[in-house]
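For the record, the sequence lines run as chains G and H.
Its first residue numbered 1, the first sequence is counted upward by one per residue in this note's numbering.
Its first residue numbered 1, the second sequence is counted upward by one per residue in this note's numbering.
Bear in mind the hints are in silico, worked out from the structure with no lab data behind them.
Please note: incorrect hints may appear among the correct ones.
[Said to hold, decoys possible] Heads up, simulated EDC-like pairs for lysine to aspartate or glutamate below, C-alpha to C-alpha not over 20 Å straight-line: (1) H:K197 x H:E180; (2) G:K92 x H:E118; (3) H:K92 x G:E314; (4) H:K236 x H:E395; (5) G:K92 x H:E115; (6) H:K504 x H:E19; (7) H:K92 x H:D107; (8) H:K252 x G:D35; (9) G:K324 x G:E337; (10) G:K59 x G:E266; (11) H:K236 x H:E432; (12) H:K92 x G:E194; (13) G:K333 x H:E337; (14) G:K59 x H:E15; (15) H:K324 x G:E63; (16) H:K329 x H:E317; (17) G:K62 x H:E432; (18) H:K136 x G:E314.
Number of protein chains: 2
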Amino acid sequence: MAKQKKTAITPTRVENYPEWYQQVVRAADLAENSDVRGCMVIKPWGYALWENIRNGLDKMFKETGHVNAYFPLFIPKSYLEKEAEHVDGFAKECAVVTHHRLEAGPDGGLVPAGELEEPLIVRPTSETIIGATYAKWVESYRDLPILVNQWANVVRWEMRTRMFLRTAEFLWQEGHTAHETEAEAWEETRKMLEVYKTFAEEYMAMPVLTGEKTAGERFPGAVSTLCIEAMMQDRKALQAGTSHFLGQNFAKASGIQYSSREGTKEYAWTTSWGVSTRLIGGMIMTHADDDGMIMPPRLAPSHVVILPIIRNEEEREPVLTYCKEIAVKLRTKRFHERDVEVVLDDRDINTGEKGWNWVKKGIPVKVEIGPRDIANNSVFMARRDTNEKAGIDKEAFVDGVVDLLEDIQQTLLKRALDYRAEFTKEIDSYDEFVNFFTPENKERPEAHGGFSMSHWCDGEACEAKINDELSVTIRCIPFNRAESGEGACICCGKPSRGRVVFAKSY
Amino acid sequence: MAKQKKTAITPTRVENYPEWYQQVVRAADLAENSDVRGCMVIKPWGYALWENIRNGLDKMFKETGHVNAYFPLFIPKSYLEKEAEHVDGFAKECAVVTHHRLEAGPDGGLVPAGELEEPLIVRPTSETIIGATYAKWVESYRDLPILVNQWANVVRWEMRTRMFLRTAEFLWQEGHTAHETEAEAWEETRKMLEVYKTFAEEYMAMPVLTGEKTAGERFPGAVSTLCIEAMMQDRKALQAGTSHFLGQNFAKASGIQYSSREGTKEYAWTTSWGVSTRLIGGMIMTHADDDGMIMPPRLAPSHVVILPIIRNEEEREPVLTYCKEIAVKLRTKRFHERDVEVVLDDRDINTGEKGWNWVKKGIPVKVEIGPRDIANNSVFMARRDTNEKAGIDKEAFVDGVVDLLEDIQQTLLKRALDYRAEFTKEIDSYDEFVNFFTPENKERPEAHGGFSMSHWCDGEACEAKINDELSVTIRCIPFNRAESGEGACICCGKPSRGRVVFAKSY
Numbered sequence: 001m002a003k004q005k006k007t008a009i010t011p012t013r014v015e016n017y018p019e020w021y022q023q024v025v026r027a028a029d030l031a032e033n034s035d036v037r038g039c040m041v042i043k044p045w046g047y048a049l050w051e052n053i054r055n056g057l058d059k060m061f062k063e064t065g066h067v068n069a070y071f072p073l074f075i076p077k078s079y080l081e082k083e084a085e086h087v088d089g090f091a092k093e094c095a096v097v098t099h100h101r102l103e104a105g106p107d108g109g110l111v112p113a114g115e116l117e118e119p120l121i122v123r124p125t126s127e128t129i130i131g132a133t134y135a136k137w138v139e140s141y142r143d144l145p146i147l148v149n150q151w152a153n154v155v156r157w158e159m160r161t162r163m164f165l166r167t168a169e170f171l172w173q174e175g176h177t178a179h180e181t182e183a184e185a186w187e188e189t190r191k192m193l194e195v196y197k198t199f200a201e202e203y204m205a206m207p208v209l210t211g212e213k214t215a216g217e218r219f220p221g222a223v224s225t226l227c228i229e230a231m232m233q234d235r236k237a238l239q240a241g242t243s244h245f246l247g248q249n250f251a252k253a254s255g256i257q258y259s260s261r262e263g264t265k266e267y268a269w270t271t272s273w274g275v276s277t278r279l280i281g282g283m284i285m286t287h288a289d290d291d292g293m294i295m296p297p298r299l300a301p302s303h304v305v306i307l308p309i310i311r312n313e314e315e316r317e318p319v320l321t322y323c324k325e326i327a328v329k330l331r332t333k334r335f336h337e338r339d340v341e342v343v344l345d346d347r348d349i350n351t352g353e354k355g356w357n358w359v360k361k362g363i364p365v366k367v368e369i370g371p372r373d374i375a376n377n378s379v380f381m382a383r384r385d386t387n388e389k390a391g392i393d394k395e396a397f398v399d400g401v402v403d404l405l406e407d408i409q410q411t412l413l414k415r416a417l418d419y420r421a422e423f424t425k426e427i428d429s430y431d432e433f434v435n436f437f438t439p440e441n442k443e444r445p446e447a448h449g450g451f452s453m454s455h456w457c458d459g460e461a462c463e464a465k466i467n468d469e470l471s472v473t474i475r476c477i478p479f480n481r482a483e484s485g486e487g488a489c490i491c492c493g494k495p496s497r498g499r500v501v502f503a504k505s506y
Numbered sequence: 001m002a003k004q005k006k007t008a009i010t011p012t013r014v015e016n017y018p019e020w021y022q023q024v025v026r027a028a029d030l031a032e033n034s035d036v037r038g039c040m041v042i043k044p045w046g047y048a049l050w051e052n053i054r055n056g057l058d059k060m061f062k063e064t065g066h067v068n069a070y071f072p073l074f075i076p077k078s079y080l081e082k083e084a085e086h087v088d089g090f091a092k093e094c095a096v097v098t099h100h101r102l103e104a105g106p107d108g109g110l111v112p113a114g115e116l117e118e119p120l121i122v123r124p125t126s127e128t129i130i131g132a133t134y135a136k137w138v139e140s141y142r143d144l145p146i147l148v149n150q151w152a153n154v155v156r157w158e159m160r161t162r163m164f165l166r167t168a169e170f171l172w173q174e175g176h177t178a179h180e181t182e183a184e185a186w187e188e189t190r191k192m193l194e195v196y197k198t199f200a201e202e203y204m205a206m207p208v209l210t211g212e213k214t215a216g217e218r219f220p221g222a223v224s225t226l227c228i229e230a231m232m233q234d235r236k237a238l239q240a241g242t243s244h245f246l247g248q249n250f251a252k253a254s255g256i257q258y259s260s261r262e263g264t265k266e267y268a269w270t271t272s273w274g275v276s277t278r279l280i281g282g283m284i285m286t287h288a289d290d291d292g293m294i295m296p297p298r299l300a301p302s303h304v305v306i307l308p309i310i311r312n313e314e315e316r317e318p319v320l321t322y323c324k325e326i327a328v329k330l331r332t333k334r335f336h337e338r339d340v341e342v343v344l345d346d347r348d349i350n351t352g353e354k355g356w357n358w359v360k361k362g363i364p365v366k367v368e369i370g371p372r373d374i375a376n377n378s379v380f381m382a383r384r385d386t387n388e389k390a391g392i393d394k395e396a397f398v399d400g401v402v403d404l405l406e407d408i409q410q411t412l413l414k415r416a417l418d419y420r421a422e423f424t425k426e427i428d429s430y431d432e433f434v435n436f437f438t439p440e441n442k443e444r445p446e447a448h449g450g451f452s453m454s455h456w457c458d459g460e461a462c463e464a465k466i467n468d469e470l471s472v473t474i475r476c477i478p479f480n481r482a483e484s485g486e487g488a489c490i491c492c493g494k495p496s497r498g499r500v501v502f503a504k505s506y
């Protein structure tokens with residue numbers, strides 16, 4: 001057996017994937033659990049990543065004609081009850097506000113007082129409260145479309161939580177649009193899914209499949225839910241974003257009516273679409289390795305860290321001067337919509353420890369500079385994605401930094417595409433299907449599982465059976481399903497109109 | 001009596017100031033009340049203003065060394081109880097979450113279920129939950145200072161609400177810092193007040209006084225509260241931002257302890273500081289007039305609106321082409337950290353109505369363009385602040401737009417400074433003081449009230465008496481109080497160390 005390389009994260013991905021994930025979040029200083037059940041603290045390095053995600057998406061939303069607004073945190077219980085499937089979907093896990101003050105109780109401690117006439121729900125999503133508002137905004141077809149997005153926090157009282165992937169409170173954006181026609185609403189639903197796909201691939205370097213959810217996996221109250229699905233490094237699928245065609249369901253529930261061009265009263269057609277801080281979980285599980293996080297440069301909070309190597313006080317001033325000069329030059333460069341962001345880490349701690357710190361945080365490029373580098377007019381550079389290290393001429397490094405960052409971005413995307421290709425199989429026999437999803441039977445569990453592109457009869461019974469037996473679900477029905485040809489359902493053998501994506505999932 | 005000019009807002013400021021305010025918010029399309037008690041919907045034009053406020057402040061926070069993070073929405077009741085004054089201050093008006101699901105009740109409707117062991121409070125402010133987190137982050141003096149800001153929503157169950165000025169839910173930022181020494185924490189407290197003052201004056205064109213609150217007006221749990229206070233157009237004061245020196249109160253309550261350079265265990269010194277969507281209320285009441293909102297250009301969601309004047313279909317294409325060409329040229333210009341933002345409003349509605357629309361929204365510059373303007377190679381321009389209108393050469397307009405916007409910004413600031421100067425009086429007799437604050441006695445209530453710079457003995461009894469009799473409070477004790485010289489308390493005649501600022505307030 002080859003000597004094990006020492007890694008910064010214990011356990012490694014192969015040893016214990018879920019625990020590796022928690023340790024990466026911790027080691028990269030992205031977030032931590034709070035004392036409030038299921039709620040996390042997003043730490044500065046994690047929040048800076050979220051700010052970059054928000055800025056990138058917000059730009060794309062605005063370019064596609066959307067504006068931002070802000071709606072109330074609280075939803076009256078009666079609003080939630082207006083759409084039957086919707087309330088069924090969210091009533092089981094919601095934070096309920098019942099009182100509006102605390103006062104001294106019999107034991108001296110404070111107890112809830114001032115009971116509300118109607119309980120308020122902390123929004124798990126805002127279709128109902130926004131629908132009630134749109135009902136007031138819309139009178140005529142001239143008031144349509146409404147293309148509004150909201151950046152907000154939402155709460156879903158999940159029983160099992162995991163930082164970024166599933167938390168009681170999370171940050172997200174929710175787009176809510178209202179249209180004159182069914183066709184326009186469908187176009188919007190598809191357009192925003194495409195925005196998500198572009199963002200996931202071009203900014204996050206996370207390839208995604210797109211398609212439609214089965215009826216059982218739909219958003220409560222939607223006519224159709226479209227989704228982007230990514231493959232994580234444990235070969236499980238992560239639903240990373242959804243775009244819902246809501247038909248007239250919520251328009252009817254909220255009374256969003258307009259007078260048409262013909263003078264009749266019609267219900268509007270609405271959509272909603274959202275992505276959340278879960279994207280950060282997806283980035284970690286797509287790119288991070290056994291040494292910690294790897295940030296795709298287009299979203300990295302900082303691009304380059306400069307570490308001065310100072311062995312004695314005499315060296316301090318010349319080394320720091322040289323470092324600062326390089327930092328200033330780097331910061332004049334533009335990389336993908338932002339200035340190149342540079343950290344000069346001159347903290348007075350052990351250089352090795354400092355270096356590992358930044359490796360674990362996933363900064364794309366690390367540069368060490370000591371007296372020898374100054375003598376050679378060079379820098380010692382390491383890229384996080386490939387771990388390549390090299391002494392390189394200072395000017396060449398500065399001039400090439402933008403290309404370097406872009407190369408790292410593309411390398412990460414290619415690696416993720418290759419990984420997904422390696423673990424995506426067309427499977428036609430149920431035995432093979434079972435084997436694919438049952439790592440216990442295999443000697444190498446780390447090279448097992450993934451996306452099975454298999455035929456399905458469109459029957460809910462087969463979907464349920466596979467879920468019960470293997471905890472495998474249909475992640476999406478690809479838009480181009482027909483191109484895969486007809487076949488026989490992997491479960492019951494009945495005719496299938498084409499393959500769908502089966503996987504275990506988060 | 002002179003013929004009354006027709007105004008876009010009814011009533012006018014003089015006729016009914018509070019109602020005028022509500023009508024401006026509505027006419028400018030900034031916000032509306034929701035069906036959820038005390039919660040508003042911030043509409044796209046209002047939210048874009050908030051985004052610009054956020055971006056401007058965020059830049060200043062980062063320039064002064066702060067980073068953003070995000071902490072839980074919910075605060076366990078026991079956390080709030082840790083600081084005695086703090087809980088007293090917030091227990092009377094807080095949203096209490098007591099249950100985590102809804103289930104079918106006896107009548108078929110849904111009722112709260114899954115009672116929590118400990119109620120959770122929707123954060124009214126986050127000192128306690130952030131303090132608990134810092135207690136984990138801090139071990140040694142090397143971990144200090146912590147300089148973190150959070151952009152978030154908060155909830156205070158106010159009984160009487162008014163859009164932007166006082167709402168149950170509002171958006172804000174709250175900075176929370178922890179320091180090694182008392183002196184550093186004091187420096188931070190003052191520095192952030194200075195940031196607020198600079199922002200208010202340079203971005204919002206809203207002059208503010210700075211000073212310290214009296215003991216009775218302090219933030220619950222603070223050792224000292226510093227504030228910025230602005231004068232509104234009804235001569236009332238608006239507290240627009242606060243910066244709190246918290247001493248070791250919250251560090252002790254939360255257990256934020258560090259090992260000092262000498263090896264002893266010490267409590268950290270903390271500060272907190274915040275501004276909120278209330279700033280928008282302040283901007284409205286500083287700048288808006290009887291025709292609606294007036295946006296200071298540095299924060300305006302858009303700078304220029306172009307209104308094509310099209311009388312028939314033949315004119316449409318040439319007019320729109322000319323308009324677009326100007327829009328493109330304007331957008332290449334930079335004004336104060338942003339590209340010049342231009343709206344080309346080609347909606348098919350009455351031009352007069354469209355024009356009033358933008359006047360009410362407060363866009364700084366309005367440009368009308370018809371066939372005659374094309375023939376003259378000119379535009380017809382109106383500035384919102386002075387209502388000046390002029391036909392002007394097209395190139396000259398484009399080339400001068402940045403100077404024009406800056407002139408509007410400075411004109412608004414000067415106007416507000418003049419207004420405040422006009423209604424700030426040094427008053428030394430109680431009769432005059434009473435008269436100053438009692439408009440019923442005067443023929444011209446609109447030229448009455450303001451800031452009374454008067455002597456005070458530092459006694460709580462005098463402060464309370466003035467508040468009870470006149471609803472007038474001490475807005476702040478100016479930092480340079482001593483410069484106003486010694487005198488006799490306006491209320492009791494005892495010695496005073498200098499003048500303080502008395503006013504009615506929001």
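Against the structure, the hints:
no. : hint            : result
1   : H:K197 x H:E180 : violated, 26 Å
2   : G:K92 x H:E118  : holds, 19 Å
3   : H:K92 x G:E314  : violated, 61 Å
4   : H:K236 x H:E395 : violated, 44 Å
5   : G:K92 x H:E115  : holds, 13 Å
6   : H:K504 x H:E19  : holds, 18 Å
7   : H:K92 x H:D107  : violated, 32 Å
8   : H:K252 x G:D35  : holds, 18 Å
9   : G:K324 x G:E337 : violated, 23 Å
10  : G:K59 x G:E266  : violated, 33 Å
11  : H:K236 x H:E432 : holds, 18 Å
12  : H:K92 x G:E194  : violated, 48 Å
13  : G:K333 x H:E337 : holds, 18 Å
14  : G:K59 x H:E15   : violated, 43 Å
15  : H:K324 x G:E63  : holds, 17 Å
16  : H:K329 x H:E317 : holds, 18 Å
17  : G:K62 x H:E432  : violated, 56 Å
18  : H:K136 x G:E314 : violated, 37 Å
Violated hints for the displayed structure, listed by number in ascending order: 1, 3, 4, 7, 9, 10, 12, 14, 17, 18.
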